[in-house]
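Enquirer: If you want the building blocks of each chain, they are given just below.
There are 2 protein chains.
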Amino acid sequence: MANNKVGQQTLKLNSHPKIIATASIVGPKEGEGPLKEYFDMVLQDDYFGEKSWEKAESKILRETVKLAVQKAGLTPEDIHYMLGGDLLNQIISASFAARELKIPFFGLYGACSTMAESLTLGSILIDGQYADYVVAVTSSHFSSAERQFRFPLEHGNQRPPTSQWTVTGSGAMVVASGGEGPCVTYVTPGRVIDLGIKDANNMGAAMAPAAAHTIVAHFRDTGFLQRDYDVIATGDLGKIGKDITQEMVLKEGYDISLVYTDCGIEVFSDDQDVNSGGSGCGCSAVVTCGYFYDRLVKGEIKRMLLVATGALLSPTSSQQGESIPGIAHAVTIESMSKGR
Amino acid sequence: MANNKVGQQTLKLNSHPKIIATASIVGPKEGEGPLKEYFDMVLQDDYFGEKSWEKAESKILRETVKLAVQKAGLTPEDIHYMLGGDLLNQIISASFAARELKIPFFGLYGACSTMAESLTLGSILIDGQYADYVVAVTSSHFSSAERQFRFPLEHGNQRPPTSQWTVTGSGAMVVASGGEGPCVTYVTPGRVIDLGIKDANNMGAAMAPAAAHTIVAHFRDTGFLQRDYDVIATGDLGKIGKDITQEMVLKEGYDISLVYTDCGIEVFSDDQDVNSGGSGCGCSAVVTCGYFYDRLVKGEIKRMLLVATGALLSPTSSQQGESIPGIAHAVTIESMSKGR
Chain A
84 MANNKVGQQT LKLNSHPKII ATASIVGPKE GEGPLKEYFD MVLQDDYFGE KSWEKAESKI
144 LRETVKLAVQ KAGLTPEDIH YMLGGDLLNQ IISASFAARE LKIPFFGLYG ACSTMAESLT
204 LGSILIDGQY ADYVVAVTSS HFSSAERQFR FPLEHGNQRP PTSQWTVTGS GAMVVASGGE
264 GPCVTYVTPG RVIDLGIKDA NNMGAAMAPA AAHTIVAHFR DTGFLQRDYD VIATGDLGKI
324 GKDITQEMVL KEGYDISLVY TDCGIEVFSD DQDVNSGGSG CGCSAVVTCG YFYDRLVKGE
384 IKRMLLVATG ALLSPTSSQQ GESIPGIAHA VTIESMSKGR
Chain B
84 MANNKVGQQT LKLNSHPKII ATASIVGPKE GEGPLKEYFD MVLQDDYFGE KSWEKAESKI
144 LRETVKLAVQ KAGLTPEDIH YMLGGDLLNQ IISASFAARE LKIPFFGLYG ACSTMAESLT
204 LGSILIDGQY ADYVVAVTSS HFSSAERQFR FPLEHGNQRP PTSQWTVTGS GAMVVASGGE
264 GPCVTYVTPG RVIDLGIKDA NNMGAAMAPA AAHTIVAHFR DTGFLQRDYD VIATGDLGKI
324 GKDITQEMVL KEGYDISLVY TDCGIEVFSD DQDVNSGGSG CGCSAVVTCG YFYDRLVKGE
384 IKRMLLVATG ALLSPTSSQQ GESIPGIAHA VTIESMSKGR
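Residue numbers (this note's numbering), protein chains in the order written: chain A, 84 to 423; chain B, 84 to 423.
In short, the hints are calculated from the structure, not lab data. Check before you lean on any hint, since a few could be wrong.
[What the hints assert, rightly or not] Calculated from the model, a selection of chain B residues having no Cβ within reach of chain A, i.e. all distances over 10 Å:
no. : residue
1   : 137
2   : 215
3   : 240
4   : 310
5   : 313
6   : 333
7   : 338
8   : 358
9   : 396
[Claimed, not checked] Simulated pairs of lysine to aspartate or glutamate, EDC-like, Cα-Cα distance not exceeding 20 Å:
no. : chain 1 : residue 1 : chain 2 : residue 2
10  : B       : 185       : A       : 304
11  : A       : 149       : A       : 115
12  : B       : 281       : A       : 183
13  : A       : 88        : B       : 128
14  : B       : 88        : A       : 161
15  : A       : 134       : A       : 120
16  : A       : 281       : B       : 183
17  : B       : 154       : B       : 335
18  : A       : 185       : B       : 335
19  : A       : 95        : B       : 215
20  : B       : 88        : A       : 330
21  : B       : 149       : B       : 183
22  : B       : 88        : A       : 335
23  : A       : 185       : B       : 183
24  : A       : 88        : B       : 304
25  : B       : 95        : B       : 304
26  : A       : 154       : A       : 123
27  : B       : 119       : B       : 383
28  : B       : 95        : A       : 353
29  : B       : 185       : A       : 335
30  : A       : 88        : A       : 304
31  : B       : 119       : B       : 133
32  : A       : 88        : B       : 183
[As the list claims (entries may be wrong)] A short, non-exhaustive set of chain A residues, derived as facing chain B with CB atoms under 10 Å:
no. : residue
33  : 132
34  : 200
35  : 358
36  : 382
All of these numbers come straight from a predicted model, not from anything done at the bench. For every residue, glycine included, the Cβ atom is placed at its ideal position computed from N, Cα and C.
Working from the sequences, and respecting the hints, build out all of it.
Expert: Set out below in structure tokens:
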């Protein structure tokens with residue numbers, strides 16, 4: 084029977100899989116934001132020496148994995164499985180990177196929830212003794228995402244105040260059975276939730292109900308409350324989605340206002356003209372692999388809940404009148420430096 | 084350490100996760116093929132009462148899951164996690180189905196390898212005691228795939244002899260820690276392999292090297308040979324890809340000619356005008372969930388190796404001059420009725 088299950092949706096990872104290294108590579112705009120010191124590499128231009136944004140995104144993902152593996156003191160041959168995906172159709176960023184890296188590959192699609200989805204499944208592979216080292220990775224790219232999901236940049240369309248700015252960047256984590264590093268102790272995989280939002284320029288509102296549902300499920304399953312966390316970070320809800328999430332969670336009886344932030348708010352500053360904030364798979368990935376990981380390693384954060392959030396729409400589903408379903412997966416990451 | 088790992092790429096699932104039920108729903112053309120008696124439902128028309136092929140595909144997937152769960156004597160609330168994906172951009176067939184089914188969801192993208200990818204990860208969740216019941220599922224739809232990957236059907240373009248016919252259909256498996264049914268004993272997740280094929284009308288050739296690589300890795304890791312299997316079935320290589328695979332595996336020293344078939348060859352008959360054979364995520368899904376599962380349950384097959392194969396291209400990657408990377412994941416399924 085499912086001995087590792089806690090409550091309805093949550094799993095307890097008793098062996099405490101360790102995140103022994105992370106890496107993050109970001110684009111020029113992200114490199115001008117408030118977290119710039121925390122990223123391993125800031126690109127000078129978002130083509131990264133490639134002929135298309137799509138090829139650039141795949142290279143960013145690939146180089147991020149290589150860097151994370153190198154920082155772990157390993158080579159790609161040491162990694163048993165790579166779990167990842169991205170926003171591009173048929174996840175070509177991750178698939179083409181996996182081709183070069185030659186690591187057995189599980190392709191995932193969780194839209195912007197992919198950092199938490201890949202970390203969840205990767206940590207389970209480690210916890211269950213199915214691998215000694217895995218890599219969890221995702222990426223996004225402003226320019227490739229805009230032309231795929233909205234309009235080609237050349238179109239110069241206006242962006243409403245609810246819109247968000249897709250982060251150009253990739254974050255990768257090396258998760259291991261041994262070694263040192265912050266560890267994954269609980270995972271709460273999410274359900275697909277859809278309250279009927281149809282505005283593809285208001286993703287934060289579309290994803291907020293899924294974030295709230297997963298946070299409440301996590302609290303209900305584990306018994307944890309706000310006081311048990313130093314940080315609860317959603318993936319890329321932006322300002323509007325964050326407010327909605329906080330209110331929805333409060334309505335279920337849980338106040339998270341003291342510790343709650345959103346990676347989409349952290350990654351850019353107000354003067355960077357990003358309207359409601361950052362978004363994209365890369366958003367929670369670079370903020371977690373860069374900023375939060377550093378603070379976890381230093382012990383400034385003892386325990387955090389990463390709640391990466393994805394909007395599961397496609398241009399086709401929107402054209403056919405569908406609303407935007409959201410999903411959120413939550414992962415508890417604990418600092419290595421405490422006996423809490 | 085990774086106690087469940089066997090050799091370089093393979094995992095041994097010691098608890099023998101059971102496939103306690105499967106379901107398959109197919110389109111009209113598949114329902115005229117040689118395996119028609121093995122499918123649970125044959126649709127009268129490929130819109131399935133919906134207004135678009137995409138909505139129809141999502142409904143097919145959803146109804147297949149519901150049917151599999153019902154055949155297992157369960158309800159969707161009993162299923163701890165659903166793992167699945169499909170060929171449509173942003174896997175909307177699976178995501179929108181997961182919205183209705185309300186089961187915590189891991190979205191996957193492995194192109195046509197998804198049946199084996201979802202079965203692999205689902206079986207690991209069961210084996211590691213992370214769930215009591217999971218559903219692994221995938222789908223494809225001829226008409227939605229054609230217009231997304233090639234040309235709108237209205238275009239009436241000609242199909243070269245190497246082309247394949249995307250199966251309209253979905254297959255779902257309920258995997259459980261207890262109960263009765265054929266069981267999953269080994270999984271060999273695959274690497275992304277690309278030998279440079281660029282012809283999107285010759286997917287079989289593009290995916291064959293990945294299939295061969297995974298089959299050889301499986302033999303090398305487990306020590307199994309052709310004689311240990313009653314059936315080795317690749318996913319959707321068709322006639323051309325099957326021949327290439329068999330030859331590539333033979334060059335590595337393994338003869339599989341006596342037990343090797345391809346789901347894309349099984350699903351249609353020669354007079355159905357499908358050129359090189361069937362393809363799509365649904366191909367290996369309906370053939371395995373329908374035909375092979377029935378034979379496993381009856382004990383006519385004692386042990387089979389499902390090697391579902393995916394082509395990880397996108398229209399964008401092809402337009403940008405990229406070749407077609409392939410991936411193949413292998414799963415050993417054993418009949419319940421023997422002590423072999």
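Enquirer: The structure should be examined with respect to each hint, and the outcome stated for every one.
Expert: Results for each hint:
1. 137: violated, 6 Å
2. 215: violated, 5 Å
3. 240: Since the minimum Cβ distance to chain A is about 20 Å, residue 240(B) lies beyond 10 Å and the statement holds.
4. 310: holds, 26 Å
5. 313: holds, 26 Å
6. 333: Holds, since 23 Å exceeds 10 Å.
7. 338: holds, 25 Å
8. 358: About 23 Å separates residue 358(B) from the closest Cβ of chain A, which puts it past 10 Å; holds.
9. 396: violated, 7 Å
10. 185(B) x 304(A): Given that 20 Å is the threshold and the Cα spacing comes to 17 Å, the pair holds.
11. 149(A) x 115(A): violated, 24 Å
12. 281(B) x 183(A): Since the Cα atoms of residue 281(B) and residue 183(A) sit roughly 17 Å apart, the hinted pair holds (cutoff 20 Å).
13. 88(A) x 128(B): violated, 42 Å
14. 88(B) x 161(A): holds, 13 Å
15. 134(A) x 120(A): violated, 28 Å
16. 281(A) x 183(B): Between residue 281(A) and residue 183(B) the Cα gap is close to 17 Å, so the pair holds against 20 Å.
17. 154(B) x 335(B): Distance of about 42 Å is beyond 20 Å: violated.
18. 185(A) x 335(B): holds, 19 Å
19. 95(A) x 215(B): holds, 15 Å
20. 88(B) x 330(A): Violated, because 45 Å separates the two Cα atoms, which is more than 20 Å.
21. 149(B) x 183(B): holds, 10 Å
22. 88(B) x 335(A): violated, 43 Å
23. 185(A) x 183(B): violated, 37 Å
24. 88(A) x 304(B): violated, 31 Å
25. 95(B) x 304(B): Measuring from Cα to Cα gives roughly 10 Å; hence the hint holds.
26. 154(A) x 123(A): holds, 11 Å
27. 119(B) x 383(B): holds, 18 Å
28. 95(B) x 353(A): Given that 20 Å is the threshold and the Cα spacing comes to 52 Å, the pair is violated.
29. 185(B) x 335(A): holds, 19 Å
30. 88(A) x 304(A): holds, 9 Å
31. 119(B) x 133(B): violated, 23 Å
32. 88(A) x 183(B): Between residue 88(A) and residue 183(B) the Cα gap is close to 23 Å, so the pair fails against 20 Å, i.e. violated.
33. 132: violated, 15 Å
34. 200: Holds - the Cβ of residue 200(A) comes within 10 Å of chain B, reaching about 6 Å at its closest.
35. 358: At 23 Å from the nearest chain B Cβ, residue 358(A) fails the 10 Å test, so the hint is violated.
36. 382: violated, 27 Å
Against the hints set out earlier in the document, violations occur for numbers 1, 2, 9, 11, 13, 15, 17, 20, 22, 23, 24, 28, 31, 32, 33, 35 and 36.
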